[in-house]
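Asks: Take the sequences, apply the hints, and build the full model.
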Amino acid sequence: MIEVDVQKRLGDFELAAQFTAPAAGITALFGRSGAGKTTLVNALAGLVRPDRGRIAVDGEVLFSAADRIDRRPERRRLGYVFQEGRLFPHYSVRGNLGYGMPRGNPSDPALSFEAVVELLRLEPLLGRRPYNLSGGEKQRVAIGRALLADPRLLLMDEPLASLDLAHRAEILPFIEELRDRLRIPIVYVSHAMEEVVRLADTLVLMSEGRVAAVGAVEDLTSRLDLRPLTGRFDAGAVIRASVAGNDLVFGLTELTFPGGRLRVPHLGLPLGTPVRARIRARDVALALERPRGLSILNVFAGRVVEIAEDQGPMVEVRLDIGKPDRPVALWARVTRRSAHDLRLEVGKPIHALVKSVALDRQSFSPYSRRGPVEE
Amino acid sequence: MLLTPFELAALGLSLKVGIASMLCSLPVGLGAAWLLARCRFPGKTLLDVVIHMPLVLPPVVVGYALLIVFGRHGAVGAWLFDTLGIQLAFNWKGAALASAVMAFPLLVRAIRLSLEAVDRRLESAALTLGASRARVFFTVTLPLTAPGLLAGAILGFARSIGEFGATISFVSNLPGITQTLPLAFFSLIQQPGGDAAALRLTAISLALSLAALLASEVLSRRLAARLGRAA
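Same order as they appear, the protein sequences are chains A and B.
Numbering-wise (numbering that gives the first Met the number 0), the first sequence opens with residue 0 and increments by one.
Numbering-wise (numbering that gives the first Met the number 0), the second sequence opens with residue 0 and increments by one.
The hints are all genuine.
Here are some of the chain A residues that sit facing chain B, going by a computed Cβ distance under 7 angstroms:
1) Ala44
2) Leu46
3) Tyr79
4) Arg85
5) Pro88
6) Tyr98
Calculated from the structure, these hints are not laboratory results.
Note that the Cβ used here is the ideal one computed from N, Cα and C, for glycine as well.
Replies: Following this line, the structure appears as structure tokens:
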């Protein structure tokens, strides 16, 4: 468990954050810039000293104002991947990687020098110096350096924020591999919901120095009251599914989840792989009856659970397309006009249409089974 | 060009004094620069002022002050002689002390600037990797301060090669003992017909300064390449 309850005043800003998260998989700290995410991570690492509170990881107290415990950062065994990499300019890549390596063997053979170099494909970079690495390469080295210090927990502070889109896409799969292949829990700071949805199991929503909500990514992203914090533009639902079949003739993958089957462009994943699919509200259309003669492959029967209406021309509708005992939330964004014409109201049976081609490669991510919400 | 014994003695002494004063004042200068750049304590401004005093005081006054404090009968000088058997006044060690004191503000300034330019986020990164504070200092802070140390050392060396006022009033102008290049030069132009010899000394000084500057340039380029700034 990661237990955090800290207060820290920095000028006008006050951090008063309290949450508990499982020390497994990826826990995302999400919030706008200025929400206090970095301060919180720095407090975890011991780089910022809280005014009051307590921090413990796996039962070991790292900070406790009441008990006068403040473990020095170098004794906390928390790996830290900074937003700007912070590689040592006077060391080669090999020197940077080896800097924090403890003498003797690491606790996990997957964290040996060779294993980490292989995991992050660092071999070709070893002899180079930080100044002639690309942004993405720098971050890979920074991740490797943090891992090789044999941490019990890895902190990542917006590791993709300083990269352009192409380099982000280059690094994301490495972080996924890290999550799936190593046993190290990760605290991942981000202000990009796509990253959170793709990577994280647990979500800690932060706003103005406080923790607004903690829970499974699927649950929090489907809650209407948190919409102002989770973001509106690319709003959508996250569905946990698993690969049920691959249709090689038509190049489709079939995913199964409690609400039925979802056909999507071929993912190239083996049968049974757990997959998280993000379905954006704007890619879901609604129909009162099961339509026929339609190009859309995915039609789910469900009912309206909630209607979010404001003065704008759009309405967001939360649906439940699961079974009575296994609800599955899905969001649809339709015009207020359509909502009016369809006489949408809470409880009304409805069919949701999801266009397969709207779900691109970025909408899916295999996830670890170690997450907080077991299927 | 062969040098006369007189010139050789002055040149050798200048080099000895310059190198000794540079080597001894580097660690002290680093400590002072660290205090000024990284620490907060009462009296910090006063320390800053005291360190800069030699820059504004007439050098002969500094030399005279040194004579009072470090002379055979001075407070510190007597203690040094009685307990350690070290005498500073009227020998080359005193000349090295005088040049070190005169060069100290330049040295501290250069190191301090360089220390302040060290990205402290790299130090916290090293901490999160489990490095002790001492290891962070020797593996991150010090190597990144190297350009400042080098610049400070060269400046200090150049300053001590040219040091005249404090030296002459502290250790006098004794040929072969305390007569460095500038003092030898001074003696020559005091004598009738010493112009030709003075001209030769001028050439030697010029060559020495050029060599020092050239060495610093080469070294700082190597350092820059090592630190990854414009190779």
